[in-house]
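Engineer: In case you want the letters, here they are:
There are 2 protein chains.
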Amino acid sequence: MAAARMQLLSTRNVGILSRGWLTGDGPRVRSLTSPPLCPSPGRALSSVSATRCGLPKERMSENGVSPRAKVLTVDTMNPTVKKVEYAVRGPIVQRAVELEKELSEGIKKPFAEVIKANIGDAHAMVSFFPLYSHTSFYFKVLALCSYPELLNDSRFPEDAKSRARRILQSCGGNSLGSYSASQGIESVRQDVARYIEQRDGGVPCDPDNIYLTTGASDGIVTMLKLLVCGKGATRTGVMISIPQYPLYSAALAELGAVQVNYYLNEEKCWSMDISELRRALDEARRHCNPRALCIINPGNPTGQVQSRQCIEDVIRFAAKERLFLMADEVYQDNVYAEGCQFHSFKKVLFEMGPEYSNTVELASFHSTSKCYMGECGFRGGYMEIINMDEEVKSQLTKLVSVRLCPPVPGQALMDLVVNPPRPGEPSYDNFMRERTATLSALAEKAKLTEQVLNTVQGISCNPVQGAMYSFPCITIPEKAIKEATDKGQQPDMFYCMKMLEETGICLVPGSGFGQKDGTYHFRYTTHDYNILG
Amino acid sequence: MAAARMQLLSTRNVGILSRGWLTGDGPRVRSLTSPPLCPSPGRALSSVSATRCGLPKERMSENGVSPRAKVLTVDTMNPTVKKVEYAVRGPIVQRAVELEKELSEGIKKPFAEVIKANIGDAHAMVSFFPLYSHTSFYFKVLALCSYPELLNDSRFPEDAKSRARRILQSCGGNSLGSYSASQGIESVRQDVARYIEQRDGGVPCDPDNIYLTTGASDGIVTMLKLLVCGKGATRTGVMISIPQYPLYSAALAELGAVQVNYYLNEEKCWSMDISELRRALDEARRHCNPRALCIINPGNPTGQVQSRQCIEDVIRFAAKERLFLMADEVYQDNVYAEGCQFHSFKKVLFEMGPEYSNTVELASFHSTSKCYMGECGFRGGYMEIINMDEEVKSQLTKLVSVRLCPPVPGQALMDLVVNPPRPGEPSYDNFMRERTATLSALAEKAKLTEQVLNTVQGISCNPVQGAMYSFPCITIPEKAIKEATDKGQQPDMFYCMKMLEETGICLVPGSGFGQKDGTYHFRYTTHDYNILG
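Protein chains in written order, with the numbering used here: chain B, 1 to 533; chain R, 1 to 533.
Just to be clear, a hint being listed does not mean it is correct.
Same chains, same names: a pair is fine if it fits in one copy or spans any two.
[Claimed, not checked] Dumping the calculated BS3-like pairs for lysine-lysine here, alpha-carbon to alpha-carbon at most 27 angstroms: (1) 231 to 83; (2) 393 to 487; (3) 393 to 101; (4) 109 to 83; (5) 83 to 320; (6) 393 to 70.
For the record, the hints were derived by calculation from the structure and aren't laboratory data.
Put together the whole structure using the sequences plus the hints.
Structural biologist: In structure tokens, the structure reads:
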């Protein structure tokens, strides 16, 4: 069945590569020009922008600009915001939404529905894949927390009630509607600490080092805010993998930090090479001050799982080069490939002995949005900080207090993720059945994705070891590259737009994540049941 | 009863003003030194920081800094973050938490419990004031959304179920656990637009101009991000009222914008004077580029409600001076004083005719956290943008997409706030009873606060016309001011710390909000039942 459905992608991909676009006899794509959303860097840094931004009003009038012109225009707005790009929700997704609307209005398309394989959102796929939708345990507890009168309802199991009571007792006024401490509810941070200790084989975890966040993104941006400073050649550089998850490039652009790219090794299943880190660092030091190294493991968009040895090497490198480590570990339960295992940076750090565990500064991030939970909408997450300077930690606490607190329902959900039903509790069997089914299905899809994509002409795909994505390499013929270039488009954006228009499948072009020059990819979300399932 | 309880504050305040601190024979305050949280501006800009921040690693080593020193220290971190202050959750609240812990450990204090009148968090007060806790309608709908099986439960009313169904149908996979559109769920934005139209007597509202946010704070910071640019004398200036809600000063510090203070007129019940706006603007133009004017109405921390005439004058001023208007209207339902009425900036703008309504750029903010709802923990909110340049709007949409989406339960709650039970629906009577009781109780407290505070020696308090706060002026004797100054503390911080240590009442010193030099205040949250009720 899987292979049959995959024909959709397979045959249409071949079609896209051979029909129309190459020979000129296929249907034309209706709108391939970039919307004004993502101006090219040239535009963002145009001389208009540079000269007008920030001019006092009087001088603007002298310059002949009407006083009734808008205060805020694309030429007078914050130029760092203009440099921000976020492909996962970029122009291709906007076009997908338009197509959905056109379909609903009865406009004929070569497909009956748009399939959004652009984003790792499991709940949105619930109609295709009910097992992955959620574990009903979470939702029972959230209902109890939302409307505590249900605590008297005998249909709710005792373990759900005890979780709800513990959460509510930690909330001001016993209500999810109160602000929590800015760092997060204390009992939730205690539960997170216990979870980390158990995960890491007993390595101690202090709840005071846990900060609950609004999804992992919030924690990552907050840490980057603390780190970025300096000007010109002393401006902070932050090392990120290429391909990367574009939150990183977007946040660095907004903060005006220098993005220091290190390339993952596609030939070796997207592994990290220390020699490549060394090259990137040495080059960067000529023009900025690299101070932090970000790793996404398991990988997004590349789906690799780093080996223990690799993590140890990275830690040694960071210690020697005095880099602050940021470990994005939101896919820690999503490991599928045989022989692969998730190793937390913290555990490896502590196993390397006090020379490292007492000195290397590390922030690790987790979330309620991925793994088997997939509860994206609640925006729950946490970060753990290790070896952070005490004064900096006070500054961090102060900084998060300005935004009052992370959403309390998300904090409650984070608590359930780290404190799931235990053996002997009434919800345990059902919870484990759902969890196992979800993770098995994801593992099966990961395998299927690799197998099937590799049967498609012009596509070559690494094994999907973990996370929820594959990032296959695509061959785009010279003539197509030229046509894209003539239109001022990235060839892979051109490819993905064509794929969307012809098949209704919404992928994100590799250029949104970064890739080696001259190579083309797309990110494909492997939990999308409708194509592969 | 109210007056009796108020004796607590009254007598203890007199005590604080006359005992101990003035005569030297009272108990000493245990810890009044500022924690490292909020370094003085001098510290934040110290030469150490300026020279070391951002230096490349090699140069650091040459400078004799050990390679094992921390990467991130208070001297090498982002200096703009250090300048951020947020008094509402600052050192005084940390001391309050410590005191609560000491009480729970059995340490004797002159009080039995700590009363947190520092923050506008109604739910946390639920044990004192059940009516204000929440309207059970909201919580029923949220339970239904969390655990849709309850839709089959006959004990839930039909109007709650229909709200829940509408919300769930708009969610991916019919689940709160999915990401929503970054701008927010479309049906919620439609409901917000209808609410605004009704509130503003039919002035049209386009759902495309509504952005759902993570509380109002998120919207305010996002708008400021778009606005702030330039360097040196062309750096963006943002006009904010003094006293102000410290989110503004914190966000401006973080963005490196110039904070342009205009003072509210305490003698005229904290009203806005155009002449004062003019003075502030003219002075600011000598050293920066003022581009935005922020107004909080009803006022936080000052509790005033601006007149329609004042709003019209402000709009005319903004139009003439080409300022982007930001109207913080989160207390729009909290108007108590006779003769006072809430006028939205948008409504007044449209009543002034096309010369203004077609040109003046405005962003208005609302939230689920205040008014009669008080649902702070859900972090729900929205902003409406008027006359925003289309390209800037695209940039805004892009910017919010990086953080994926506001928390979906908060979006659901925002929907209920703007779409409450209607006459004839089963929950209507109960909802209105709760709403009216809550607002009446808040109105009574507002009046009581003014009356009782004005009976206390050394305190003088304006009428609390709206919002949830009073900002009384306090007289601090010279000797006490000297003692505070000797300790390097603001006199009002010294006063509030002493009040906390002696009475257990946690107030926020006026210096955290800003005040005229030589005057002293504190912010008192009027919904705190325990002191005044």
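Engineer: Would you mind marking each hint as holding or not holding in the structure?
Structural biologist: How the hints compare with the structure:
1. In this homomeric assembly, residue 231 and residue 83 come within 27 angstroms of each other (Cα to Cα) both inside a single copy, at 18 angstroms, and across copies, at 18 angstroms.
2. In the homo-oligomer, the alpha carbons of residue 393 and residue 487 lie at most 27 angstroms apart only across protomers (25 angstroms), although the nearest pairing inside one protomer, at 49 angstroms, exceeds that limit.
3. Taking CA atoms no more than 27 angstroms apart as the test, residue 393 paired with residue 101 passes between copies only; the shortest distance there is 21 angstroms, against 48 angstroms inside one copy.
4. In this assembly of identical chains, residue 109 and residue 83 lie within 27 angstroms of each other by CA distance neither inside one copy nor across copies; the values are 34 angstroms within and 55 angstroms between.
5. Proximity of residue 83 and residue 320 under a CA criterion of 27 angstroms is satisfied in neither setting, with 32 angstroms inside one chain copy and 31 angstroms between copies.
6. Taking the shortest Cα distances, residue 393 and residue 70 sit within 27 angstroms of each other only across copies (13 angstroms), while inside one copy they are farther apart (41 angstroms).
Checked against the numbered hints above, the structure breaks hints 4 and 5 and satisfies the rest.
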